[in-house]
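A.B. asks: Could you put together the complete structure from these sequences and hints?
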Amino acid sequence: MDTVKRWAYKKGFMLKKGSTGETHLLFNKGRLQILRDAEAAFLETYAKWIEDGRDLFVIEQRTSPTFRMFVDLDYETKKEVSKDELKTVCQCIQRTVLEQVGEHAARCVVSCADKPKATKDGLLKTGVHLVWPDIQVDSENALRLRTWVLAGLHETFGQNDWPKMVDISVYTRAGLRLNGSIKRAECTCRGRDDACNRCQGKGEVFDRRKYAPLVCYAGPSESPELLELCMSSISARVRLTSIRVPFGEERESTHIPQCESMLELEPELQERCHQGKGSRLEADNTLMGLLTRELGEAFPSCFKDGEELSDIVQMSGDDGNPYFLVHTNSCFCHNLGRCHNSNRVYFYIDSQRLLQKCFCTCNTTEGRKMGLCSQYSSAPHPNHYLLSFILHVALVLGFLVAFRKLAPHINNSLQARTEGTSREAIKATQARPPLAQRACHPVAFDKAADAIRKFELCESSFLEDKRHRSRTYLNAVEQSSRCMKHLYRLKRAMPNDMAAENRLDYFVDYIESTMTDSLRAMARQSKRGKALHHMPPTFPLASNVRQ
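Under UniProt numbering, the residue at position 394 of the sequence shown is numbered 394, and the numbers go up by one with no gaps.
Hints listed in this document are in silico derivations from the structure and should not be mistaken for laboratory results. In this text the structure is predicted, and so the values were computed from the model without any measurement. Each hint should be verified, as a subset may be incorrect.
[Said to hold, decoys possible] Straight-line alpha carbon distances no greater than 25 Å define the calculated PhoX-like cross-link-like pairs of lysine-lysine that follow:
1) Lys78 / Lys164
2) Lys11 / Lys183
3) Lys125 / Lys83
4) Lys87 / Lys117
5) Lys164 / Lys125
6) Lys78 / Lys125
7) Lys164 / Lys183
8) Lys5 / Lys17
9) Lys454 / Lys466
10) Lys16 / Lys29
11) Lys78 / Lys117
[Said to hold, decoys possible] Listed next, with one range per pair, are the computed distances between beta-carbon atoms:
12) Asp2 / Ser377: 52 to 60 Å
13) Arg173 / Gly102: 24 to 32 Å
14) Thr119 / Cys92: 21 to 29 Å
15) Asp167 / Asn363: 28 to 36 Å
16) Gly158 / Gly102: 23 to 31 Å
17) Ser82 / Leu229: 20 to 28 Å
18) Asp305 / Asp161: 31 to 39 Å
19) Asp2 / Arg293: 49 to 57 Å
20) Arg251 / Arg208: 33 to 41 Å
21) Asp305 / Asp2: 56 to 64 Å
Even for Gly, the Cβ is constructed at its ideal location relative to N, Cα and C.
C.D. replies: Structure, rendered in structure tokens:
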């Protein structure tokens, strides 16, 4: 067993088959789920393994919803490329990024493979990784920044296969190889041919190209000090080139405007810019249909030709309250009074306002009614209440997905705690009642998730069946209480792990507050609404198990 796997099994971070929520993948087969508060210690241990000269095979997955901005560049040339040429290309990318983000996030670490790799087309491919440790983006804004990088490369160096060289999959599906790791793959002979020239009968082949620092930037110019730090300290190099946001340093994504010139050259990028994972809501066709109808009545000009919604993104405001960005394929802008050539409009919805906004970044007010489109917001629409209610339903629909992703973190935390070797850990494990231990089993999550699923059905029925809204409302109250009962029992049975407790506390409070808001909205539209005015400001969901 290799070094990383042995460490992961010992710590309880190795995922079993069928489980989800991996934070790292291994080229030599295996998936890890390292707790957020343990990732810094893992990177330190990983750096020591590199110093010891061990073979490592680690791929980092992106943190969600934001991760550190990075570019995976596969630079293809007919002849072996010089370091000066690579630096020139990287300088162009750095300059383009700074134009969009600003020099407050100026540091960039560039790592290059120690030798090129031949492609099937007879070219030489040199791998280059650029990481900006101070820029946090979600998938959508990373894709937008990529389009600006493509536009900058196209403008500086002319026509080339830049979209192929600047990998797009790393922002939506794949991750990035951790600095110092090598690739391992199965040989086509699968170890059945002792005379195989590729693997010598071992069944596996290794790509031992490693990435090492090439150049570092602090602003538009090179930084010898930062490069010296990365060259002299493997620990610093690993930390600075990690694409995962360190625990406790998470913040909202940097906003990147659309690059209209590049979208005209490559129109399909406009569709891909809306495929990032981020904090999108999982909405079914019924919900999207209801939302499209309501928006069409509020802004008929934007939907006169059958335009549709593309996705819904839930964000968190400065006051902690959620708001929603509804993306469409409509180009009609009320500020311009007509359709844009390629830019699209979107809608901002919260509990107070419904606004139409625009992705256009053109620096002109010609033909505009109220200044730049990028700064435009329509007059608030008065009939926004139902839209806000529908989107809160979408929040509940998205809980089930997030819930499944959260469960392995809590279970792994329990496993790591109960497998501790210290006397305190053993005493704590032995003192915990068997019933409480069983409450932390995934069955507790399954019961709560089942209640959430039934709560979803109540929400859908409430919107579609107006005749039985009172009964549906009471069923929703029952399912919300059932859900919170299992979650609060789970909280009481949690092991002494502060990070896991905080994670579960936040999740439980968020579910409770959103369910409460939805139930209030249902009560107001129900026939029993008048009889429910005596209820307290917050519904006592599962109050019987809080104590």
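A.B. asks: Each of the hints needs a verdict: does it hold here or not?
C.D. replies: Verification of the hints:
Between Lys78 and Lys164 the alpha-carbon distance is near 16 Å, which keeps this suggested pair within the 25 Å criterion. Between Lys11 and Lys183, the direct Cα distance comes to roughly 24 Å. Compliance with the 25 Å bound is thereby established for this hinted pair. Between the alpha carbons of Lys125 and Lys83 the distance comes to roughly 13 Å, so the proposed pair stays at or under 25 Å and holds. At roughly 19 Å between alpha-carbon atoms, Lys87 and Lys117 fall within 25 Å of each other, so this suggested pair holds.
For the proposed pair Lys164 and Lys125, the alpha carbon gap of about 12 Å is at most 25 Å, so the pair holds. A threshold of 25 Å between alpha carbons decides the hint, and for Lys78 with Lys125 the separation of about 9 Å falls inside it, so the pair holds. Distance check on the hinted pair: Lys164 and Lys183 sit about 21 Å apart at the alpha-carbon level, within 25 Å; holds. Between Lys5 and Lys17 the alpha-carbon distance is near 14 Å, which keeps this suggested pair within the 25 Å criterion.
Proximity of Lys454 to Lys466 is assessed by CA-CA distance (about 18 Å); at most 25 Å being required, the pair is judged to hold. Annotation: proposed proximity of Lys16 to Lys29 holds, straight-line Cα distance about 12 Å (limit 25 Å). A C-alpha spacing of about 11 Å is found between Lys78 and Lys117, which places the hinted pair at or below 25 Å, so the restraint holds. Range check, Asp2 to Ser377: about 55 Å between beta-carbon atoms, so the 52 to 60 Å window is met.
Distance hint check for Arg173 and Gly102: the Cβ-Cβ separation is about 29 Å, which falls inside the suggested range of 24 to 32 Å. In this structure, Thr119 and Cys92 meet the distance hint of 21 to 29 Å, their C-beta atoms being roughly 23 Å apart. Our hint of 28 to 36 Å for Asp167 and Asn363 holds, since their Cβ atoms are close to 31 Å apart. Restraint check, Gly158 to Gly102: a C-beta distance of roughly 28 Å satisfies the suggested window 23 to 31 Å.
Between Ser82 and Leu229 the beta carbon distance is about 25 Å. The supplied range of 20 to 28 Å therefore holds. Between Asp305 and Asp161 the C-beta distance comes to about 35 Å, which sits within the given range of 31 to 39 Å. Checked against the hint of 49 to 57 Å, the pair Asp2 and Arg293 passes, with Cβ atoms roughly 56 Å apart. The given range of 33 to 41 Å is respected by Arg251 and Arg208, whose C-beta atoms sit roughly 37 Å from each other.
For the hinted restraint 56 to 64 Å between Asp305 and Asp2, the CB-CB distance of approximately 57 Å keeps it satisfied.
The earlier numbered hints are all upheld by this structure, with none contradicted.
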